[in-house]
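K.L.:
Here are the chains, one letter per residue:
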Amino acid sequence: MRTLAIVPAYNEALNIGRVIDELRAFDPSLEIVVISDGSSDRTAEVAAELGTHVLKLPFNIGIGGAVQTGFRYAWENGYELAVRCDGDGQHDPAELGKVLAPVLAGDVDICVGSRFAGGDGYRSSATRRVGIRLLAAVVSVISRQRVTDTTSGFQALNRRAIGLFAADYPHDYPEVEGMVMTMRHGLRLSEVPVAMREREFGSSSITALRSIYYMVKVLTALFVGLFRRPVGPLEDA
Amino acid sequence: MTLTVLASGTPLKVSLAATFASLLLVIVVFELIRSRRLQERYALLWLLTGTVLVVLSAWRGGLNTIAAWLGVRGYPPAVLFAVGLLFVILVLLHYSTVISRLSEQNLTLAQRVALLETRINERLPAPVSAQAGSDQQPAPATDEERAAPALR
Chain A
1 MRTLAIVPAY NEALNIGRVI DELRAFDPSL EIVVISDGSS DRTAEVAAEL GTHVLKLPFN
61 IGIGGAVQTG FRYAWENGYE LAVRCDGDGQ HDPAELGKVL APVLAGDVDI CVGSRFAGGD
121 GYRSSATRRV GIRLLAAVVS VISRQRVTDT TSGFQALNRR AIGLFAADYP HDYPEVEGMV
181 MTMRHGLRLS EVPVAMRERE FGSSSITALR SIYYMVKVLT ALFVGLFRRP VGPLEDA
Chain B
1001 MTLTVLASGT PLKVSLAATF ASLLLVIVVF ELIRSRRLQE RYALLWLLTG TVLVVLSAWR
1061 GGLNTIAAWL GVRGYPPAVL FAVGLLFVIL VLLHYSTVIS RLSEQNLTLA QRVALLETRI
1121 NERLPAPVSA QAGSDQQPAP ATDEERAAPA LR
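Read top to bottom, the protein sequences are chains A and B. Sequential numbering of the first sequence, starting at 1, is according to this note's numbering. Sequential numbering of the second sequence, starting at 1001, is according to this note's numbering.
None of these hints come from the bench; they were simulated from the model. Given the structure is predicted, the values throughout are model-derived calculations rather than measurements. Be careful, since some hints might not be right.
Claimed, not checked - Partial list, derived from the structure: chain A residues whose beta carbon lies under 7 Å from chain B:
(1) M1
(2) K56
(3) L57
(4) P58
(5) I61
(6) G65
(7) T69
(8) Y214
To be verified - Per label pair, the in silico range of CB-to-CB distance:
(9) A:P230 / B:L1038: 34 to 42 Å
(10) B:Q1105 / A:K217: 20 to 28 Å
(11) A:S140 / B:R1101: 48 to 56 Å
(12) B:R1101 / A:P230: 19 to 27 Å
(13) B:R1036 / A:R128: 47 to 55 Å
(14) A:V130 / B:L1070: 43 to 51 Å
(15) B:L1032 / A:S140: 51 to 59 Å
(16) A:E49 / B:E1104: 28 to 36 Å
(17) A:K217 / B:L1092: 16 to 24 Å
(18) B:E1117 / A:E198: 44 to 52 Å
(19) A:A126 / B:S1100: 29 to 37 Å
(20) A:A105 / B:Q1105: 20 to 28 Å
As the list claims (entries may be wrong) - A short list of chain B residues far from chain A (calculated; beta carbon distances all over 10 Å):
(21) V1026
(22) R1034
(23) V1079
(24) L1092
(25) L1093
Every residue, glycine too, gets a C-beta built ideally from N, C-alpha and C.
If we strip away everything but chain B, and leave its shape as in the complex, we get:
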């Protein structure tokens, strides 16, 4: 059994190519953060992805061992695909929550614009319960934020 695993270990070339590609990812993400085109809060998952892939690509023994644990006998680099795919799914899910939050905030902004525009146009005095309103309105948004803090 051990022999089979060793015989079908990660080829050196594959390891080198994968390491190079993952390193490139880390460098690109780093550069995007450095040049302020990517905020840290959205980059953490990418950096984690890159780092994990670099480690698994460069450390052939580790990849082979993990592949053996997972029962991947034929071709250990397949684990790289699986790990990569997992992270891509995580990143996409994270983006879905980000988009949801943004569209929620966008909607609230549109409503505020309409309300304020009307108040200006009608030159209304300060609304009777603006205080109560503005104090408590963030409540639902906070709930949304509590729902998915882990990915932020």
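So that you can see chain A by itself, here it is in the shape it has in the complex:
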């Protein structure tokens, strides 16, 4: 199975090398594409020097657009499987086996690594936990399936799911909407518990102040999304 690791990165020159090394340590046959989302540092160069595929966006288009570029790359180049692993080092490639297993077994189209499904002590602020719980509850209700971590970008996808996200993928904070989209299109999704790490360098793109804005935006998007007609995933010719 040709498998592609999709690694979105924005100014992650300090973290990206380690992520790539760890992805290769997990599986040397894994192909890697790093999407540098308009980075102003050497993210793309570092990745290229390490011999990965590199997609260099001409300017910053945001995480959703960046990840979708990766899905389009996977789609156009015929990969059967894709894993998503953020370039900031918070996802541990050693855990990839867990998210890949259900997809490889053909049980689901997308498998999401959840920080909360296993009750592993992932630390975050109280407000953020409330937000995460709320989103999980809303998505669970909409999709009639219990989910615990709606913001996890640590995922494995089969070709069908790649086709869906290559055709249409939410922009700003895509994981929540992506989950609902997946299920509305009749794709099967499951979660597996994984451990995640704190970032080593730099800061996350979601600050405390932006959280409220984020919640309002995501909830609005989810609500409007309920009234949107599904677009079919891309199909192989």
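Fit chain B to the given chain A structure using the hints.
P.N.:
Using the frame of chain A, we list chain B on its own:
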């Protein structure tokens, strides 16, 4: 009642000034289209705005009647403000849809640039499912376009 309305009708000066201003708007929009600085598709709403305002400004009897219908007893030219504001809102909303479409297309272009650049750099053979991909990718964009055809 009728007397009150007549007594507080549109003053001639207001009518003249408003007519002049709305005519100016129509002329400016027309000139912008003529000199190709404004595309027709984005000018239609402006022309409509200008035309409606010209008619309401010049036709005092009409403005007074409409004001009476709407229950505006004191000062009929207030209807001009209301109509003007309504059109400004419509134009702004139209622009929001235009900006949304442009940013969507901009994003797709950025993605295509990155994908093509990488393909050139890696000198890859033609992608296995480029045909399927390029045939079907416009699907979501078309949906967006279907969502707001009325204002175009």
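K.L.:
Confirm or reject each hint.
P.N.:
Hint-by-hint comparison with the structure:
1. M1: 15 Å, violated
2. K56: 6 Å, holds
3. L57: Constraint on A:L57 satisfied, holds at 5 Å.
4. P58: At about 5 Å, which falls below the 7 Å cut-off, the nearest Cβ of chain B leaves the hint on A:P58 intact, so it holds.
5. I61: 5 Å, holds
6. G65: 5 Å, holds
7. T69: With a closest approach of 4 Å, the A:T69 hint holds.
8. Y214: 19 Å, violated
9. A:P230 / B:L1038: 34 to 42 Å: Taking Cβ atoms as reference, A:P230 and B:L1038 lie about 37 Å apart, which means the hint holds.
10. B:Q1105 / A:K217: 20 to 28 Å: Given a distance of about 21 Å, which is inside 20 to 28 Å, the answer is holds.
11. A:S140 / B:R1101: 48 to 56 Å: For A:S140 and B:R1101 the Cβ distance comes to about 33 Å; the hint is violated.
12. B:R1101 / A:P230: 19 to 27 Å: 21 Å, holds
13. B:R1036 / A:R128: 47 to 55 Å: Since the Cβ atoms of B:R1036 and A:R128 sit about 52 Å apart, the hinted range of 47 to 55 Å holds.
14. A:V130 / B:L1070: 43 to 51 Å: Holds - the Cβ-Cβ distance for A:V130 and B:L1070, about 48 Å, lies within 43 to 51 Å.
15. B:L1032 / A:S140: 51 to 59 Å: 53 Å, holds
16. A:E49 / B:E1104: 28 to 36 Å: 34 Å, holds
17. A:K217 / B:L1092: 16 to 24 Å: 20 Å, holds
18. B:E1117 / A:E198: 44 to 52 Å: 34 Å, violated
19. A:A126 / B:S1100: 29 to 37 Å: 35 Å, holds
20. A:A105 / B:Q1105: 20 to 28 Å: 39 Å, violated
21. V1026: Label holds. Min Cβ-Cβ 37 Å, cutoff 10 Å.
22. R1034: With a cut-off of 10 Å, B:R1034 remains clear of chain A, as the shortest Cβ separation is near 35 Å.
23. V1079: With a cut-off of 10 Å, B:V1079 remains clear of chain A, as the shortest Cβ separation is near 34 Å.
24. L1092: It holds; B:L1092 is separated from chain A by about 19 Å at its closest Cβ, greater than 10 Å.
25. L1093: 16 Å, holds
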